[in-house]
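Asker: Given these sequences and hints, build the entire structure.
Numbering follows my numbering, with no gaps: position 128 of the sequence shown is 128.
Rather than coming from a laboratory, the hints here were simulated on the basis of the structure. One should not assume that every hint holds.
Stated by the list, open to error - 30 Å max Cα-Cα, derived BS3-like pairs, lysine-lysine:
(1) Lys-124 / Lys-156
(2) Lys-51 / Lys-118
(3) Lys-190 / Lys-51
(4) Lys-124 / Lys-51
(5) Lys-205 / Lys-124
(6) Lys-205 / Lys-190
(7) Lys-156 / Lys-190
(8) Lys-118 / Lys-149
(9) Lys-124 / Lys-136
(10) Lys-136 / Lys-205
(11) Lys-124 / Lys-149
Unchecked claim - Pairwise CB distance ranges (calculated):
(12) Gln-89 / Leu-273: 33 to 41 Å
(13) Arg-148 / Leu-273: 37 to 45 Å
(14) Pro-66 / Arg-148: 24 to 32 Å
(15) Glu-258 / Asp-147: 36 to 44 Å
(16) Ala-238 / Pro-66: 15 to 23 Å
(17) Asp-147 / Glu-275: 31 to 39 Å
(18) Pro-65 / Gln-89: 19 to 27 Å
(19) Met-194 / Ser-26: 32 to 40 Å
(20) Pro-66 / Ser-26: 54 to 62 Å
Beta carbons are placed, not taken as given, at the ideal position from N, Cα and C, and that holds for glycine.
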Amino acid sequence: MIYDQRSALATHIAGLLAQGRIIFTSREAEQALDIPRGAFLDAAERLLRRKALINPRQGFYVAVPPQFANWGGPPPSWYIDALMQHEQQPYYVGLLKAAELHGATHQAVMEFQVITAKRLPRIKAGRSLIAFYYRKDMAPVMAGIEDRKTDTGLMKISSPALTALDLLRYPQASGGIDNIATVLADLGSKIDPMQLANLAATVEKPVAQRLGHLLDRLGHEAPASAMHDALGARGTIAWTELDRREARDPDFTPSPLERDQRWHVVVRRTPELDE
1 MIYDQRSALA THIAGLLAQG RIIFTSREAE QALDIPRGAF LDAAERLLRR KALINPRQGF
61 YVAVPPQFAN WGGPPPSWYI DALMQHEQQP YYVGLLKAAE LHGATHQAVM EFQVITAKRL
121 PRIKAGRSLI AFYYRKDMAP VMAGIEDRKT DTGLMKISSP ALTALDLLRY PQASGGIDNI
181 ATVLADLGSK IDPMQLANLA ATVEKPVAQR LGHLLDRLGH EAPASAMHDA LGARGTIAWT
241 ELDRREARDP DFTPSPLERD QRWHVVVRRT PELDE
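Answerer: Written out as structure tokens, the structure reads:
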């Protein structure tokens, strides 16, 4: 009986793959096969051990097409939209992964980075690592979220403007100030100035100040100027550090290299770009 249930589930998955589908829920499979929860879980566990399935979240399964057998699963772009629908959470693919999708490819991105309104643990799915970063309110940045076609449908990604702001808002996830500057060197020319000015109102002032300083430094004057005008409308701008981590380092603290009067940014070291 156990073997029959496992075989039935494997046949069901093969049928999904033949239809171009790779995801299903436990409830869908139980209903399709007319088996109880325990029988499904037993059959699914055997297929998980055979690496024919991955189970990123409880009740959510991804079939592993043969071409991805050595990777332990298809790329997250194939199922991230379905996964977040399963979680019933708004999301977008962001940060370094979004920058890569927009053509900033200086360094390989080790994580598939997702911004969402719920705190979620990282997911190891085959060789892929899906990392979630929390944004309390997603509604104000909806104008900066785009649909991107994937091999299995669509996924949501941040626009170049929203990506740039997020790189400064989540610096640890972005690889530090040198890596951020390297990415912005490629990404800056793709930023819509008016969209950046509008989205800058959704982030803390120091985030916009740091981004503005870097865009100016990298020669991306149009988006920087548009954001500077919008920032000025928010009232007094206090001084902020370009890199708060370096500001706490006694080797940098005594004598700032530069004080950017335009953005009120204290620079203790010129960011180094990875050529």
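Asker: Keeping to a limit of 30 Å between CA atoms, is the pair of Lys-124 and Lys-51 held or broken?
Answerer: holds (13 Å)
Asker: CA of Lys-124 to CA of Lys-136, is that 30 Å or under?
Answerer: holds (24 Å)
Asker: When you take the CB atoms of Pro-66 and Arg-148, is the distance between them in 24 to 32 Å?
Answerer: About 25 Å separates the Cβ atoms of Pro-66 and Arg-148, which means 24 to 32 Å holds.
Asker: For the range 19 to 27 Å, tell me whether the beta carbons of Pro-65 and Gln-89 fit it or not.
Answerer: Given range 19 to 27 Å: holds, Cβ gap about 26 Å.
Asker: Has the hinted range 54 to 62 Å been met by the Cβ atoms of Pro-66 and Ser-26?
Answerer: Violated - the Cβ-Cβ distance for Pro-66 and Ser-26, about 23 Å, lies outside 54 to 62 Å.
Asker: Going straight from one Cα to the other, do Lys-124 and Lys-156 come out at no more than 30 Å?
Answerer: Within the cut-off at roughly 20 Å; holds.
Asker: Would the hint linking Lys-205 and Lys-190 be met if the CA-CA limit is 30 Å?
Answerer: holds (22 Å)
Asker: At the C-beta level, are Arg-148 and Leu-273 separated by a distance inside 37 to 45 Å?
Answerer: violated (27 Å)
Asker: Quick check on a hinted range of 15 to 23 Å for Ala-238 and Pro-66, using CB atoms only.
Answerer: Distance hint for Ala-238, Pro-66 is violated at roughly 57 Å.
Asker: Given a hinted range of 36 to 44 Å, is it respected by the beta-carbon distance of Glu-258 and Asp-147?
Answerer: Roughly 40 Å apart at Cβ, these two residues keep to the hinted range, so it holds.
Asker: Quick one, are Lys-136 and Lys-205 close enough, alpha carbons at most 30 Å?
Answerer: holds (17 Å)
Asker: Taking 32 to 40 Å as the stated bounds, is the beta-carbon spacing between Met-194 and Ser-26 within them?
Answerer: violated (46 Å)
Checked against the numbered hints above, the structure breaks hints 3, 5, 13, 16, 19, 20 and satisfies the rest.
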